[in-house]
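Given chain A's structure and the hints, the job is docking chain B onto it.
Number of protein chains: 2
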Amino acid sequence: MGDPAVTPTAAAEPPSDAELQNLERYWRAANYLSVGQIYLMDNALLRRPLEVEDIKPRLLGHFGTSPGLNLVHAHLNRVIKARNLDTVCIWGPGHGGPAVLANSWLDGTYTETYPDVTRDGEGMARLFRQFSFPGGVPSHVAPETPGSIHEGGELGYSLSHAHGAAFDNPDLLSVCVIGDGESETGPLAASWHSNAFLDPVHDGAVLPILHLNGYKIANPTIPARLPESQLDELMRGYGYEPVHVTGDDPMTVHRDFALALDRCLDSIAEIQRTARAAGETERGKDAPGPRWPMIVLRTPKGWTGPKTVDGKPVEGTWRSHQVPLSNVRESAEHRRQLEEWLRSYRPEELFDDQGRPAAGLVDIAPQGTLRLGANPHANGGLLLRSLPLRPLEEFAVAVDKPGGSVNEPTRVLGGYLRQVMADTAERRDFRLVGPDETASNRLDAVYGASGKAWQEEIYDVDEHLSRHGRSMEILSEHTCQGWLEGYLLTGRHGLFSCYEAFVHIVDSMVNQHIKWLRTTRELPWRAPIASLNYLLTSHVWRQDHNGFSHQDPGFIGHVLNKSPEAVRVYLPPDTNTLLSTAEHCLASRDYVNVIVAGKQPGFDWLSLDEAREHCARGAGVWAWAGNETRDREPDVVLACAGDVPTLEILAAALLLRTYLPELSVRVVNVVDVARLMPEGEHPHGMPDAEFDALFTRDKPVIFGFHGYPWLVHRLAYRRAVHPHIHVRGYKERGTTTTPFDMVVANDLDRFRLVMDVIDRVPGLGVRAVEVRQQMEDKRLSHRAYVRTHGIDLPEVRDWSWQD
Amino acid sequence: MGDPAVTPTAAAEPPSDAELQNLERYWRAANYLSVGQIYLMDNALLRRPLEVEDIKPRLLGHFGTSPGLNLVHAHLNRVIKARNLDTVCIWGPGHGGPAVLANSWLDGTYTETYPDVTRDGEGMARLFRQFSFPGGVPSHVAPETPGSIHEGGELGYSLSHAHGAAFDNPDLLSVCVIGDGESETGPLAASWHSNAFLDPVHDGAVLPILHLNGYKIANPTIPARLPESQLDELMRGYGYEPVHVTGDDPMTVHRDFALALDRCLDSIAEIQRTARAAGETERGKDAPGPRWPMIVLRTPKGWTGPKTVDGKPVEGTWRSHQVPLSNVRESAEHRRQLEEWLRSYRPEELFDDQGRPAAGLVDIAPQGTLRLGANPHANGGLLLRSLPLRPLEEFAVAVDKPGGSVNEPTRVLGGYLRQVMADTAERRDFRLVGPDETASNRLDAVYGASGKAWQEEIYDVDEHLSRHGRSMEILSEHTCQGWLEGYLLTGRHGLFSCYEAFVHIVDSMVNQHIKWLRTTRELPWRAPIASLNYLLTSHVWRQDHNGFSHQDPGFIGHVLNKSPEAVRVYLPPDTNTLLSTAEHCLASRDYVNVIVAGKQPGFDWLSLDEAREHCARGAGVWAWAGNETRDREPDVVLACAGDVPTLEILAAALLLRTYLPELSVRVVNVVDVARLMPEGEHPHGMPDAEFDALFTRDKPVIFGFHGYPWLVHRLAYRRAVHPHIHVRGYKERGTTTTPFDMVVANDLDRFRLVMDVIDRVPGLGVRAVEVRQQMEDKRLSHRAYVRTHGIDLPEVRDWSWQD
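Protein sequence lines, in the order shown, are assigned to chains A and B.
FYI, in this note's numbering the residues of the first sequence are 240 to 1042.
FYI, in this note's numbering the residues of the second sequence are 240 to 1042.
By construction, these hints were calculated from the structure, which means they are not laboratory data.
Just so it is clear, the structure is predicted and the values come from calculations on it, not from any experiment.
Heads up, a few of these hints could be off.
Which copy is meant is left open, because identical chains are indistinguishable; a pair holds if it fits in one copy or across any two.
[Said to hold, decoys possible] Simulated crosslink set (DMTMM-like; lysine to aspartate or glutamate; CA at most 25 angstroms straight-line):
no., residue 1, residue 2
1, Lys970, Glu761
2, Lys551, Asp701
3, Lys938, Glu867
4, Lys970, Asp829
Isolated chain A (complex conformation) (with noise of 0.2 angstroms):
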């Protein structure tokens, strides 16, 4: 070990002897059921002696993290059944799926949800089979396990995980365990400071355990490495009192890490008793505020494994991270070692003849819901609550023709969502998450029913900040994007707005949070959760202040790559189809809502009645944007999707009713962009007797699409007009321009999509030469004048649709 421990200063009691004998007993079993997974094929007790056909052909699993976890795990049962608390727990290593897995057979949780699993030998043989075999259970913490809401393989988001949980849970303990390897990460650096966003009044508590074994996959890990006194800084840095706990003598842990829970469970008691008891916690130069306790826990890697391997260091090292034993089928030496190792344990005392646990040894476990395999926080969904959404028709904005009026879409939005805030007062099960872009999104009206949640110090300058808000900002995607996946996963609903480049800053963790839905969806005995709804504005084509770095609109696409059944992408053009949207989506189930809408003030298009049924459809041809005549086809589509390419495409069809009177127009708008896909490939995708009707099967389609325009070819490549289609959409040109600009820098601006009808229908004639020619002028006038003005053409910045 690195340095000496650090006892606790006792506060409580100490446990009695018997009860640590009792913990010690525990812990051994389920490091005995955590090694047995890893390695058993058969023999699960060890009633004989181990051979060959024993032992897995494939080991795969990971050991090093277990016996920290199956330590910690041992240790809530006690306090949890001590102090009757309700308790849910983040496993950060969550590559220690053995553990949890040993400890949920062991308390009854995995046999009351997998009853072929039963808590008897067979039970065990099947338990160690099943691990990370095929058609078996996977290695890590996943959704498959009794008591996850967290997925640990990939790093990073257990303390924003352990937070969202405990954000409106008053009387809910979240335990996180951290690795220290996790630790490393720049999500979980940046989510310690949650507790600046911890409301001790409304709040449940976290209590983060740095558990530091030392190495990563091959190396040392940095906390583990630091000097004690700097980790100890940087723990109080962040705003933490940490306790120390440091060890690798069995009982010697066992008796300060129940002392280190003790205390701090004591302190955390008396915090949220100040803090309710005055009603909320001052905050100021003179009043700095509660340390919320942690505890660092020091042991190591791989602890009661073999010592040594081949004659190099095992325990305590890198090379017990997953398998410390290899080849143990093939060497007997290393045979030898692994029995040696399972009977160290003296599997004989933890176990009955029938294989089930001992007298008295699950006796340290708590009953019930209160275990923490079976409390529903961690299966959220049947604690779920529908929203209260009021009629739309309290928000909508009349709309007597198309075009006739201008709005700030996401800014109506707002008063919707600040009704939402406004009507979960009581119930504070509804937040708005987002990296300080809430007002520059244009939704603020949310404060005037939650304001922004804050512990920190609040100057009289400042606005909205509250102790007590559900609105949350904080510059980190990472941090915005944990707290709202573990306050879905534990029962609640929200919504994440971001700017639409940025959200790419969390495409790895939606990408597992689809991967978390797409599991549950197949486990019946997880109750569905609330959708994960982010709202992207301030979008691609309208950066004004920021230009080319801001300017991403691939994430629709990055969803669009995942599991079918869990993701929706939705591109409303309007006010009313934002509202129509966003009211479908909060009241969705298990998907991932991607919702991409302007904040800039636009043309309303759409009624509401006109919004819901277009919405309802997710395309439909705009009859009033088009000239075709009922008894023919058209002579061209055109196609839209997202609002920028919307008010492009009703110009360039106003345009060529105006030079082209003569050619048959189809307007047709896309809001449900998985309604491109093929019916079977995706559950909105469109029978292609629908599509063909909409689209036609031959004609030429110039479609103006928000985002990469290959995206439209990906999705609709089985169509049998898709060879005529031309997509315009964003080819990565742009600065900080003029929003004209940009859509000619990407030549979907309507000039340019005349100029592609008119080189895709066929016998047009000199006319369509002269208006061609006529669109190209525009563009070159466009061009120079705003780079000598500053701002878009008059004829297109105070363009207005005429019906």
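Just chain B, lined up with the frame of chain A:
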């Protein structure tokens, strides 16, 4: 302001009053120029009253952070000149573009780079007008900005960039201004620990300046609201010795900041002197090692701007983030305030009659390449030397016949990289970065030439840790990426090895780097830099230990969304093709190269010569794997890209030759994915004639693809044969299971591929129906076998390719 000033303990002689006066005047000039850029179209020198027409019609930019950046720049000028320091500065709050542009104009570097923006009144007017104006320059610090290696649009990467610049540049001072907003991000939070990797002997120094102006876009920042003692603990916990400078009185801050800078630079010099005299820094329990200094600079946001606007506080609040005074054309009062604000800098003292900097003003700036805007490290291509690359013959594996031998591709590559490490031992201009996966990815041979960089304590049990190593491992993909970007941008070379799934963690970072490269390619004064090379391994098909959470092949599609000039994607199918690809990438410039390759033992298909030829073409027929005759087109094309799909396609080809020998089969392998794209869409895009010759125009193409199947469609949708292409790839089906079970789960297995051929080649008759059933039976028996035995069927496990 929040807390009172903590003035630094004076170590150096305080600057004279005259010096401070000069600094203050220079600062005023930079502030004037910053405001002018945001607001003025004309009347740059304010030689007449401000009129409506002088004001830009759209006010776009960020003033809030600019005065602080100007302060730092002015003071850096002083110390660079006084101490003759080779310095780069990373401006984390890169939205403060006006500040860096102002300074560049003042010291002459801007005019040297862009001669039409002269250093006189006319040039000043041009500087103002072009800012954030159509056809002009971006509002942020950008590739276009002289002296910049960091586009600050997306926040979080300044400190890792600063470290990347400092590595292996022992004489360089890398100053890093970190905004307090940026400091909330995960990537930034993680990157403080970069000091655990900074070698005081071979690396330069990094001086972080955490600039607290208190507010983000619309919210207070966390670090600015922590009690100062807690912030101090946090910085110490990160391993720094903080020096605090706080104030809003300019002359006081000038004095304190000058003292703080001197103190820090003295401390840096002392650390380096000590370490370099000893050869390295001893660190252990009794020798905690040096604490590098850093500065916490606390000044008001929007400092020197309007104190109140329309009755609301602006200076010192979030309201000054962008444009403190809006509607200046419309509001006479705002116009009056703007004029007052501009005149408060007393431009008549700052610029002479011709609008040139007044006599003596620029004397505080250094000369030549010591100027921040002219330092060659900030245009790193100027310093770049080609890597010494040995002939591949020394590393290639012997391949007598296809499939006749087995190798671990990345392990062989490791030998090659080891030699690159060895051959750059003196030059020190090559680094390998990775998130604790170098050994897991089987590149550990490199440690033989250069160990793993590590400045914390080293234990006896550790292996390959080194105070001077150039292999770098931190469990933060963000930090790896940031380090490497900083290293490349300052003219060196490197490679990032990463698990394929988790490279998505840096999706948003690579977006920014590609945007940077795309822009610099169009700037003649920017010299080309070495490409950013990714080696993605432990890929989607072989996550035996980890399962679903670790499976995601989407990064290649993400990258292919970006500017084609700057992106390349390679899927080498075996060891020699990997070597050939890696050699090509290491010698290339200004690209992001993504190589996906396996680490597991795999068949060798091509000799080195064959590999070179194949990689040069990027795609080609593997005649030995098919059985077509010269006189007619094949009945079916089996195409493949990626190592696992290639194996399955080759096995399918062999099965077809065995079971349906009458079928004429062509096998095509694709290494360079962009070759699938049309000519004109990507520099590597294949002309249609070549594509048609390779894939035919109308025969069924069964394509086994490494990633998501629709990526092939998105790339190839314009090809004649496209309607006949059927792609198999990853479709989000996975868990911890066997390698062959993974391909079966995703319908990419050889049996399924044979069935696909049978389903798509017309006229095969009854024999084919029987074969199809046999294949289906094999799939089913595999599934049953693997679920019983936990390993793949011997038939596929021990499969060997026979010619």
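Hints versus structure:
1. Lys970 / Glu761: between (38 angstroms within a copy, 16 angstroms between copies)
2. Lys551 / Asp701: between (60 angstroms within a copy, 11 angstroms between copies)
3. Lys938 / Glu867: For Lys938 and Glu867, only the intra-copy Cα distance (13 angstroms) is at most 25 angstroms; the inter-copy one is 39 angstroms.
4. Lys970 / Asp829: between (32 angstroms within a copy, 19 angstroms between copies)
Checked against the numbered hints given earlier, this structure breaks none of them.
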